[in-house]
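Work the whole structure out from these sequences, hints included.
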Amino acid sequence: MWHNLGQLLRYRGLIQSLVARDLKARYRGSMLGFFWSFVNPLLLLTIYSFVFTYLLQNRAEGLQPYAVFMFTALLPWTWFSSSLTEATGSLISGGNLIKKVLFPAEVLPFVTILSNMVHFLLGLPILIGFMVYYHVTPDWPQLPWFLVIVSVQLLFTAALSLFLSALAVHFRDVRDLVSNLLTFWFFATPIIYSYKDFPNYKNYFDWNPFTHLAISYQEILFFDGGFGHWKWLLALGGGSVVLFLAAYWVFDRLRDSFSEAV
Amino acid sequence: MSSPAITLEHVSKIYRRYGGRQFSTLKSALLSGDLVRKLRPEETFQALKDVSFTVPKGCTYGVVGRNGSGKSTALKLVAGITKPTIGTVQVEGRISALIELGAGFHPEISGRENVFINGIMLGLTKKEITKRFDEIVEFAELTEFIDAPVKTYSSGMYMRLGFAVAIHVDPDVLLVDEVLAVGDEGFTHKCLDKFGEFKRRGKTILLVTHSLGLVERFCDEAVWLDAGEKKAEGDPTRVVGTYVTDVARQEERFLAASDEKAKHDAGGAGQATPAGPVEVESHFGDMNQAGEGRWGSGGVEIASVDFQDEKGQSTHVFHTGELMRVILGVKAASPVRDFVFGIGLFTADGAMVYGTNTDIEELESDRLEGEATVTLTVDSLDLVEGTYKLDVAVHKRDGAPYDYHRLLHTFRVKSRIKDGGIYRPKHRWDFSTAIKFKPPK
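Protein chains in written order, with this note's numbering: chain A, 13 to 274; chain B, 54 to 494.
Keep in mind the hints are simulated off the structure, nothing from the lab. Be aware that one or more of the hints could be misleading.
Said to hold, decoys possible - In silico SDA-like cross-links for lysine to any residue, where the CA-CA straight-line distance does not exceed 25 Å:
#	chain 1	residue 1	chain 2	residue 2
1	B	136	B	163
2	B	180	A	115
3	B	180	A	27
4	A	111	B	223
5	B	283	B	119
6	B	180	A	25
7	B	179	A	32
8	B	110	A	114
9	B	471	B	245
10	A	111	B	156
11	B	136	A	115
12	B	479	B	357
13	B	179	A	115
14	A	111	B	99
15	B	136	A	20
16	A	111	B	176
17	B	136	A	32
18	B	136	A	17
19	B	449	B	380
20	A	111	B	207
21	B	204	A	31
22	B	179	A	211
23	B	179	A	48
24	A	36	B	105
25	B	467	B	365
26	A	214	A	64
27	B	247	B	350
28	B	204	A	48
Put into structure tokens, the structure is as follows:
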């Protein structure tokens, strides 16, 4: 297992060019091309803010401007959920490769996570634009934490993806299961609402790993008053390391079955 | 030439049979609750059984065998794509596997980008690819189209590009699985030249193919796998010879079985005969149009038809130029004075090759009674390779059949020379001194 993990470094060139290929191929033949990476979140943001600020008349105290509040956590969530959905099926759709070419299979889920991460990063300028427009200032001294949050999310997503993609090879319905669970998970996470409004449910929120990522993003970029959630974030980071190793172990155990089962 | 490049030691590969495994969905796994039972070893398929062979460095090694004999599994084990269930596989040096060309090409992006990604996948660095890029494109004959998306390529172009990348990985060990059928004649020659170059540079090649001529011409050693077991190993000519003999034997069995079946289907079971008249069909007007079958009045009966070779051995498989005997066992319950024996020889697609009978050859019948045999000897069976069908008949001079076997008997002719047509006349080539050929290998 450790050996294979080390081998992965040798394949970073492959991961890099596969991510580039993914991004290029995705917009090949479309008129707006890479511009879609900006347009997609922009449209998403417009719809959500229209629904929640005008139709549902959300006037919750402290969540104004609502569009910016919602977007700070929605953008990372989109990265997380589309990574998970795509990564779960990545071994199956890349089956041809696994059967015919010798290379570590974990490259495939990692590539989907990383190319979704690029979309996430390309969405950030939209968020910044809105922050400037609404005069929302981030927590400047705490801003370096942003990198930590992204890293923790990356690790956490990678861990889940490894596990799910390996499982999906043997049980195809994992894919459908995941996409449905993600919808549920989205509403169970304080993204379009604030956890502060539901103090009774704090225990439930605390059990949800993505809560801590969402709150971290919000505290740094949206709320005033420092980054009090860092302990939770680091705990999640530690948990993700363990989870990642466990998932990698499972993946490694199942590795030999992939070329026969996909 | 000494230390081995590839070593397989007592390798067995067992695949689980997913057809029998019912929990391909999570729900059924959970509901049926017999996850463990389903994994029991009887649900398995053994693709390789205790196979060992070593390939010395610089050797070109052929693997032959029927479909499903485990050839490709062996190749995948050497490539490291799958792991052996039992035993060990060791390979020295960098491997490149020509198993499926262009696996991993992305249709939407250009040939150029695909070359880079494919190259990296096969273990090259970006720098190495840049250095070899022009050579690769030139080899694939795609200079004009290299910047077009791969989805616009024809399947030949696709394969050529895949082949070009794989061959330029410059491996120490090259694994080739039946990929020489890519592209046109010219490209195939180029591939063979490339293999030749590999050979000269002392690289190891493992070649899985059905093209036996290639194995004989090209390989230093060969192994024959059959149903997952090693049947023969060593000198390619000998291995291929053993393999071909076995294939012929199997074909013989198959022909004998289908012969038996045809006779059975035609009503009269070959030997045990109905005493009464065999069914008479009214429309036997044009024999050559009729399908297979058997008819006749039964006054004289052809009870058996046997093919024999020179040594008197029954067989259904002959080699071009060999002696063939067709032996008819006939029976007449009461004396018959008017009879003609005849045969008709047809190709598998129904074209008549030859037909004759005793009447045409001016033999006048006198008397036939009881059991007798008729032997037709063909001293030299000058037919090209193929499957042939035989009509045999005994009838009156006016054509009314006693017993007519239409296309019921099949034999096969094999030949090392793949010439065309039906008939191979005895022939030879002579050349004046200005024309030189290389001495045969």
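Results of checking the hints against the structure:
1. A C-alpha spacing of about 34 Å is found between residue 136 of chain B and residue 163 of chain B, which places the hinted pair above 25 Å, so the restraint is violated.
2. Distance restraint check for residue 180 of chain B and residue 115 of chain A: the Cα-Cα separation of roughly 19 Å lies within the 25 Å cut-off, and the hinted pair is therefore satisfied.
3. Simply put, residue 180 of chain B and residue 27 of chain A have alpha-carbon atoms about 16 Å apart, close enough for the 25 Å limit, and the pair holds.
4. Taken as a hint, the residue 111 of chain A and residue 223 of chain B pair is honoured in the structure, with Cα atoms around 22 Å apart against an allowance of 25 Å.
5. Between residue 283 of chain B and residue 119 of chain B, the direct Cα distance comes to roughly 12 Å. Compliance with the 25 Å bound is thereby established for this hinted pair.
6. A threshold of 25 Å between alpha carbons decides the hint, and for residue 180 of chain B with residue 25 of chain A the separation of about 11 Å falls inside it, so the pair holds.
7. A threshold of 25 Å between alpha carbons decides the hint, and for residue 179 of chain B with residue 32 of chain A the separation of about 14 Å falls inside it, so the pair holds.
8. A hinted pair counts as satisfied when its Cα atoms are at most 25 Å apart, and residue 110 of chain B with residue 114 of chain A qualifies at roughly 22 Å.
9. This hinted pair checks out: residue 471 of chain B and residue 245 of chain B have alpha carbons roughly 20 Å apart, not beyond 25 Å.
10. Taken as a hint, the residue 111 of chain A and residue 156 of chain B pair is honoured in the structure, with Cα atoms around 9 Å apart against an allowance of 25 Å.
11. Distance hint between residue 136 of chain B and residue 115 of chain A is fulfilled; the C-alpha atoms sit about 14 Å from each other, no more than 25 Å.
12. Pair hint residue 479 of chain B plus residue 357 of chain B does not hold up; C-alpha atoms about 32 Å apart against a cutoff of 25 Å.
13. In summary, the hint linking residue 179 of chain B to residue 115 of chain A is supported, as the alpha carbons are separated by about 16 Å, within the 25 Å threshold.
14. In summary, the hint linking residue 111 of chain A to residue 99 of chain B is supported, as the alpha carbons are separated by about 18 Å, within the 25 Å threshold.
15. The hinted pair formed by residue 136 of chain B and residue 20 of chain A meets the criterion: a straight-line CA distance of about 19 Å does not exceed 25 Å.
16. Simply put, residue 111 of chain A and residue 176 of chain B have alpha-carbon atoms about 16 Å apart, close enough for the 25 Å limit, and the pair holds.
17. Proposed proximity of residue 136 of chain B and residue 32 of chain A is contradicted: the alpha carbons are some 31 Å apart, above 25 Å.
18. For the given pair, residue 136 of chain B sits about 19 Å from residue 17 of chain A by alpha-carbon distance, which is consistent with the 25 Å threshold.
19. Simply put, residue 449 of chain B and residue 380 of chain B have alpha-carbon atoms about 20 Å apart, close enough for the 25 Å limit, and the pair holds.
20. Between residue 111 of chain A and residue 207 of chain B the CA atoms are separated by roughly 23 Å; this keeps the pair inside 25 Å, and the hint holds.
21. Of the supplied pair hints, the one linking residue 204 of chain B and residue 31 of chain A holds, its CA atoms being roughly 19 Å apart against a limit of 25 Å.
22. Note on residue 179 of chain B and residue 211 of chain A: the hinted pairing is violated, with a Cα-Cα distance of about 55 Å set against a maximum of 25 Å.
23. About 29 Å separates the Cα atoms of residue 179 of chain B and residue 48 of chain A, which puts this hinted pair outside 25 Å; it is violated.
24. Taken as a hint, the residue 36 of chain A and residue 105 of chain B pair is broken in the structure, with Cα atoms around 46 Å apart against an allowance of 25 Å.
25. At most 25 Å may separate the alpha-carbon atoms for a hinted pair to count; residue 467 of chain B and residue 365 of chain B meet this at roughly 19 Å.
26. Only pairs whose Cα atoms come within 25 Å are accepted, and residue 214 of chain A paired with residue 64 of chain A is accepted, the gap being roughly 23 Å.
27. For a cut-off of 25 Å, the pair hint linking residue 247 of chain B to residue 350 of chain B is broken: about 66 Å separates their Cα positions.
28. Among the hinted pairs, residue 204 of chain B with residue 48 of chain A is consistent with the structure: their alpha-carbon atoms are about 23 Å apart, no more than 25 Å.
In summary, the structure is inconsistent with hints 1, 12, 17, 22, 23, 24, 27 from the numbered list given earlier, while agreeing with the others.
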